[in-house]
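Undergrad: As a plain string of letters, each chain reads:
There are 2 protein chains.
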Amino acid sequence: MSQTATLEKPKAASLDALYALVRDDLVRVDNVILERVKNEIPLIHDIARHIIASGGKRIRPALTLISALACGYEGPRHVALAAAVEFIHTATLLHDDVVDESKLRRGLATANEIFGNKASVLVGDFLLGQAFQLMVADGSLKSLKILSDAAAVIAKGEVMQLMTEGEPETSIENYLQVISSKTAILFASACELGAVVAEKPEHESCLREFGIYIGMAFQLIDDALDYSADRETLGKNTGDDFQEGKITLPVILAYSAGDEDEQAFWNRTLSEREQLPKDFAIAQSLMRKYGAIAQTIDMAEHYCEKARQALAGFPQSPARSAMLDIVDFCAARAY
Amino acid sequence: MSQTATLEKPKAASLDALYALVRDDLVRVDNVILERVKNEIPLIHDIARHIIASGGKRIRPALTLISALACGYEGPRHVALAAAVEFIHTATLLHDDVVDESKLRRGLATANEIFGNKASVLVGDFLLGQAFQLMVADGSLKSLKILSDAAAVIAKGEVMQLMTEGEPETSIENYLQVISSKTAILFASACELGAVVAEKPEHESCLREFGIYIGMAFQLIDDALDYSADRETLGKNTGDDFQEGKITLPVILAYSAGDEDEQAFWNRTLSEREQLPKDFAIAQSLMRKYGAIAQTIDMAEHYCEKARQALAGFPQSPARSAMLDIVDFCAARAY
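Top to bottom, those sequences are chains A and B.
Residue 198 in my numbering sits at position 198 of the first sequence; the count goes up by one each step and never skips.
Residue 525 in my numbering sits at position 190 of the second sequence; the count goes up by one each step and never skips.
Since the hints were derived computationally from the structure, they do not count as laboratory data.
Beta carbons: idealized from backbone N, C-alpha and C, even for Gly.
A few of these clues could be false.
Computed footprint of chain A on chain B; a stretch qualifies when at least three of its residues, placed anywhere within it, have a C-beta under 8 Å from a C-beta of chain A [unchecked claim]: (1) 470-478; (2) 489-497; (3) 644-656.
Derived DSBU-like pairs (lysine-lysine); straight-line CA-CA distance at most 30 Å [stated by the list, open to error]: (4) A:142 - A:200; (5) A:246 - A:289; (6) A:145 - B:535; (7) B:477 - A:38; (8) B:641 - A:38; (9) A:142 - B:581; (10) A:145 - B:477; (11) A:145 - B:613; (12) A:200 - A:57; (13) A:38 - A:145; (14) A:246 - A:306; (15) B:624 - B:480; (16) B:581 - B:535; (17) B:480 - A:38; (18) B:480 - A:200; (19) B:373 - B:480; (20) B:535 - A:142; (21) A:289 - A:306; (22) B:392 - B:480; (23) B:624 - B:581; (24) A:246 - A:57; (25) A:142 - B:480; (26) B:613 - B:624; (27) A:57 - A:306; (28) A:200 - B:477; (29) A:306 - A:278; (30) A:142 - B:477; (31) A:145 - A:306; (32) B:373 - A:246; (33) A:145 - B:373; (34) A:306 - A:142.
Next up, chain A with everything else stripped away, as it sits in the complex:
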């Protein structure tokens, strides 16, 4: 990661304050989730546990919980809605795992290799159904509108991403629209729901903005890490995006700056999907050559700053501070 060494490392950031504030509610969220899958047929139960109980950061439901807290909410509604948010996220993960036959023929490792395509899509549908049942039980048409709009936008973003696959000449604008739709919208909705349950309409738009920007930053850094992260420390498989021919900002930047031979490399590896063992290292070196990772992180920093600004006028509280910690943590993930 020599290219990022020129950037100043942000101050040490942690989510400790966040989790201290929402720990109890997050346990309640987990209970709602597990309650809804525990008596299910084994395949549903197994997959749901595999994904949900695998100990992710629960950042999306935590955003709903902390946003509600930041709005002074003291009731119980945010728990079920946070669970709905996590169900939608998990369903998206499962559906994103579905792979095409053409790619399997190329011997690509699949994220759904334990359960198979069909189980991934059907259990994803089941979890999505649970999300909507939770929202209907909550009974607020406003929440329902926020999350059903989010579900539609996410699906559209995923289709858009599918259409850019293997197209390294995709525009930055197009890429930003994809990550805004497939990722940032759910962060935004998660935050906005906090204001909705608290019945603080005056906070809806700034929390939504905060969510959009933190979501953009989050995805940009994810996309940077895929070409730079150390597998053990970050729990993410470096090179997944490359193997799948996914077009992310680092690729777009390296491709557009590249010469004819380099563009031929990207076309062969990402469009034709003809990849040799050493190709990932070549991809990384091309990105270093053009500072593509550093520029991606710069853009993430830009969105982090916008997220901070979105909360500028928001009343001071420990919850607000914890939300600003999320921004710092997100920025620090890049280093």
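For this one, chain A is given, so just place chain B on it according to the hints.
TA: Just chain B now, with coordinates in the frame of chain A:
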């Protein structure tokens, strides 16, 4: 189809009266559907048109429309909800088309061969998102509950079906639960919505029952036709279920009545999925031997009769007559 020749052919049945009553509203349903996909990115538009505009019978949205009419409803709400029902159905079709890598390796023809697995699942998600947006725009929590419950039950039914795949010793009870969940629930919800928009709570349960029973009959006959229908006349590919190792009532009946060699045949073809070109004809002959198709049609007739009974106390009207025609039509499909 010699085995069914012993059954009396039902009187000529047609859906003419139904479509005469709901034709205008069905055009409105199509417009709502096409409006929601026409300006979409090409892949969504293409797939949605491919499925939605392919000229199916639109039986599910027609059930919502005719049920509303039978309840004396004269407003506009049933159109958007009927479109939501069709969107849910279409999303289910797309997701049902997703195939597993293991099956592709066996060279199985796939229904999603034009667009691929991933497009099927993501565009299905998009259509599901449209369904929920339509329901939220309608603004009735009662409708939302009916359809979100249906979506969750359908997903569960699809998972249950997946788990019975290649298991010819599946019980009849288990099979009935699968078809009730994956098929009949949406027919039931489609009908119940008619009473909801008409604000006739006294008709909700009988319309729901009617829908359940007609849905059960519909699926049973579909499953019978898969082993008996003439491809050209019915527009359905005979043998699909067999190729996919799907366990339907005709299989369960032929398997349980079969001797050791015959059970070995079913295990090889459906569990191991080792199928030779002549195997489908053997499967059909084993079904003839045990009257498995005739028994399946008998059970469908039984549900048709229950559907008729569900409407027994319902006020007379041309709409009610048209609903009874649907039952006759459903029964006549078997011949």
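Undergrad: All the hints need checking, so say for each whether the structure fits it.
TA: How the hints compare with the structure:
1. 470-478: holds (count 4)
2. 489-497: That given contact holds, which follows from 7 residues of the segment 489-497 of chain B lying within Cβ reach (below 8 Å) of chain A.
3. 644-656: violated (count 0)
4. A:142 - A:200: holds, 13 Å
5. A:246 - A:289: Holds, at about 20 Å.
6. A:145 - B:535: Satisfied, since the Cα-Cα distance of roughly 26 Å is no more than 30 Å.
7. B:477 - A:38: Judged against 30 Å, a Cα distance of about 26 Å means the pair holds.
8. B:641 - A:38: Status violated; Cα separation ~34 Å.
9. A:142 - B:581: violated, 41 Å
10. A:145 - B:477: With a Cα-Cα distance of about 15 Å, the restraint between residue 145 of chain A and residue 477 of chain B holds, given a limit of 30 Å.
11. A:145 - B:613: violated, 53 Å
12. A:200 - A:57: Answer holds: residue 200 of chain A to residue 57 of chain A is near 27 Å, not above 30 Å.
13. A:38 - A:145: The hint holds at about 28 Å.
14. A:246 - A:306: The given pair, whose Cα atoms are some 26 Å apart, holds under the 30 Å limit.
15. B:624 - B:480: Between residue 624 of chain B and residue 480 of chain B the Cα gap is close to 46 Å, so the pair fails against 30 Å, i.e. violated.
16. B:581 - B:535: violated, 39 Å
17. B:480 - A:38: holds, 22 Å
18. B:480 - A:200: holds, 26 Å
19. B:373 - B:480: Roughly 28 Å separates the two Cα atoms, so the pair holds.
20. B:535 - A:142: holds, 26 Å
21. A:289 - A:306: The given pair, whose Cα atoms are some 29 Å apart, holds under the 30 Å limit.
22. B:392 - B:480: holds, 26 Å
23. B:624 - B:581: holds, 20 Å
24. A:246 - A:57: Roughly 24 Å between the alpha carbons, so the hint for residue 246 of chain A and residue 57 of chain A holds.
25. A:142 - B:480: holds, 15 Å
26. B:613 - B:624: holds, 17 Å
27. A:57 - A:306: holds, 23 Å
28. A:200 - B:477: Roughly 26 Å separates the two Cα atoms, so the pair holds.
29. A:306 - A:278: Roughly 38 Å between the alpha carbons, so the hint for residue 306 of chain A and residue 278 of chain A is violated.
30. A:142 - B:477: holds, 15 Å
31. A:145 - A:306: Given that 30 Å is the threshold and the Cα spacing comes to 25 Å, the pair holds.
32. B:373 - A:246: holds, 27 Å
33. A:145 - B:373: holds, 22 Å
34. A:306 - A:142: Distance ~26 Å between residue 306 of chain A and residue 142 of chain A Cα, so the pair holds.
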